[in-house]
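Please work from the sequences and hints to get the whole structure.
This is what each chain is made of:
Protein chains: 2
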Amino acid sequence: MAFKKVSRIKIPEATIRRLSLYDRCLDDVRKAGKKIVSSSDIARKCGTNPAQIRKDFAYFGEFGVRGVGYYVENLQEDIKKALGIDRSWNCALVGAGNLGFALLGTDSLAERGFRISAIFEQDPILVEMGSFRDIPLFSMDQMQRIVPEMGIRIGIIAVSPENALKVSHQLIDAGVKGILNFTPATLKVPLGTILKNVDFAIDLEGLAFQLANA
Amino acid sequence: MAFKKVSRIKIPEATIRRLSLYDRCLDDVRKAGKKIVSSSDIARKCGTNPAQIRKDFAYFGEFGVRGVGYYVENLQEDIKKALGIDRSWNCALVGAGNLGFALLGTDSLAERGFRISAIFEQDPILVEMGSFRDIPLFSMDQMQRIVPEMGIRIGIIAVSPENALKVSHQLIDAGVKGILNFTPATLKVPLGTILKNVDFAIDLEGLAFQLANA
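As you go down the protein sequences, you meet chains P and R in turn. The numbering of the first sequence is our numbering, which starts it at 39 and goes up by one. The numbering of the second sequence is our numbering, which starts it at 39 and goes up by one.
Derived DMTMM-like pairs (lysine to aspartate or glutamate); straight-line CA-CA distance at most 25 Å: (1) R/Lys93 - R/Glu115; (2) P/Lys204 - R/Asp65; (3) R/Lys226 - P/Asp65.
So these bits of chain R aren't anywhere near chain P, every CB distance computed over 10 Å: (4) Arg82; (5) Arg92; (6) Gly99; (7) Asp161; (8) Arg171; (9) Ile173; (10) Ile184; (11) Ala212.
Source of the hints: derived by calculation from the structure; they are not laboratory data. None of these values were measured; they are calculated from a predicted model. For every residue, glycine included, the Cβ atom is placed at its ideal position computed from N, Cα and C.
What follows is the structure in structure tokens.
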């Protein structure tokens, strides 16, 4: 069984998010020592239904053997490949404030293949520190040189909202291809650059919706 | 035009997330002084298509007048009502670490109706501060009393992963109905309590997927 190369069909963002969740559930399954898993097993663990899972997998082509289930290890490999996390991604963090430090303290990013290789910061006193948890700290004007030198593909923006737009331009100029924006600032990126905005209020709104309709 | 009371039909989480995004786009539209907006306008601003928007709105019943468009103000009122953010929600933050302070510094939560009314923290030295940005700081053992007293409905868990499970139980015992979990810990909540997990790696995986398939 192998997921085919992703076709031209646009895969819904919700499917991608669910693939991430399936992968996490499969971690638990694997740790529990199970080798084969059915879509019903995954559905139960992830709080979805088997039809949804099969539909999500179908975007990527082949299925496991029906009635027998999926080999956990192979399925995870295929999901990671589909998600593009069968490799590691070099990331730069911009902004060594509270949020930046919180992100640096999150082991789960590295576990999922996202390695923060450099930190950029405008405050010279922080830059003086030289590094944080062995990750080198640079001033903003070193970005143009460091990003290509270290092969950094993803920039994580954790600066104050009023600086976010400028930082996004600097990152793109330096050659970053993907941006994760933690600020509420509205950014625009050129074609070929991928932007994702993280907005904690959206999760709270999802919660509020369910509470209001419970 | 008015959104009907949400029916028994299960509304996809992706629709709820998009409603949050539409509401943010409509903020911009309103600020630009526009009074009427078409689904094509919203689609262009939000990077989706008009059919998707009409489909999302259809879960809530009535539409605006076709061909004329939606009154921005009414539409936003209806979306906020549907999302349950036509009111304000009292939240408690548990954990005054880097992430906690980052969240406290995020004005956008309050702007969207989520008011952090209390902070709970296990470190007595921090609790000694008494308050942060006028938000009272309490020790963990005050949770049982403070949550009902302040009418807190939502608990935000920003502690270390190994403490998350215990904190979730404490919050639920104290009467919290919704939990936003920022830790990678896997939590289980009883029926009637809503749990949402925030996982920054999922956003990065969405980015990786697009970069790998660009």
